[in-house]
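Undergrad: Can you make the complete structure from the sequences, with help from the hints?
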Amino acid sequence: MKRFAVIGLGRFGQMLAISLAKSGAEVIAIDKDRDIVEAIRDEVSHAVRLDSTDEEALRAQGVDQVDVAIVGIGQGRGGQGFESSVLSVVNLKQMGVKQIYARAENRIAGEVLAKVGATEVIFPEVESAQRWAYKLIAPQVGEKIDFAPGYSLAKIKAPASFNGKTVSELQLRQEYNVNIVAIKRAETAKFVSGAADEIINVPKAETVIYAGDILMVVGSDADIAKLPHE
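Offset between the sequence shown (1-based) and the working numbering: plus 115.
Among the hints, erroneous ones may be present.
[Stated by the list, open to error] As a list, the in silico DSSO-like pairs of lysine-lysine whose alpha-carbon atoms are at most 30 Å apart:
1. K270 <-> K319
2. K117 <-> K280
3. K230 <-> K270
4. K299 <-> K137
5. K117 <-> K137
6. K147 <-> K213
7. K280 <-> K230
8. K272 <-> K299
9. K270 <-> K280
10. K213 <-> K230
11. K250 <-> K270
12. K270 <-> K137
Source of the hints: derived by calculation from the structure; they are not laboratory data.
TA: Structure (structure tokens):
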């Protein structure tokens with residue numbers, strides 16, 4: 116079981132710590148605010164009030180033994196939060212924590228955190244805004260996994276205009292520069308194909324698609340967003 120330390124229990128830190136714990140991970144939740152620590156105590160493996168800029172205090176709680184540490188301290192105004200984030204990352208690096216993720220509110224803060232030892236920088240506000248922008252632009256696209264900048268594996272529901280057409284007839288590669296890599300048959304497909312909930316890996320050119328089928332497609336975000344939804 117992986118051990119995590121989540122430092123800074125604002126909205127982002129609290130939700131992350133609880134989600135990790137619900138997934139079965141061992142989580143040490145850390146904040147300087149006693150009330151916040153008490154509120155999350157029953158949701159995680161261990162919740163402790165301490166100053167994460169104090170390396171000895173972190174060691175005393177076993178943070179040097181975790182697999183992954185996430186510094187989610189809010190940076191706010193005045194620079195104190197940002198300073199605490201930087202010092203926390205430096206402490207974690209010195210203690211030998213191999214994976215350190217740090218939350219940043221802007222690009223400059225992210226560059227500084229990366230230079231002092233963060234393995235990866237998280238921009239929750241930026242990432243959330245980007246996801247919502249894409250969701251609003253392309254409501255036909257369900258879940259998607261980003262595997263390179265601007266490219267995704269995405270789940271879409273086959274629209275009525277796809278019904279009864281083969282992969283070859285749809286010409287998604289030629290028309291949209293998008294490839295179908297898997298199909299999950301819709302419940303309604305059993306009335307025409309007799310194969311509800313069937314999973315088709317690597318569909319062939321002659322594979323027929325029915326309205327409501329779930330298609331896993333791969334391509335650029337811009338091209339996927341252009342796929343029809345009616």
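Undergrad: Take the hints in turn and mark each one as holding or not.
TA: Here is how each hint holds up against the structure:
1. K270 <-> K319: 18 Å, holds
2. K117 <-> K280: 46 Å, violated
3. K230 <-> K270: 36 Å, violated
4. K299 <-> K137: 28 Å, holds
5. K117 <-> K137: Answer holds: K117 to K137 is near 13 Å, not above 30 Å.
6. K147 <-> K213: 24 Å, holds
7. K280 <-> K230: 53 Å, violated
8. K272 <-> K299: 10 Å, holds
9. K270 <-> K280: 19 Å, holds
10. K213 <-> K230: 15 Å, holds
11. K250 <-> K270: Holds, because 12 Å separates the two Cα atoms, which is no more than 30 Å.
12. K270 <-> K137: 25 Å, holds
Of the numbered hints given earlier, the model fails hints 2, 3 and 7; all others are met.
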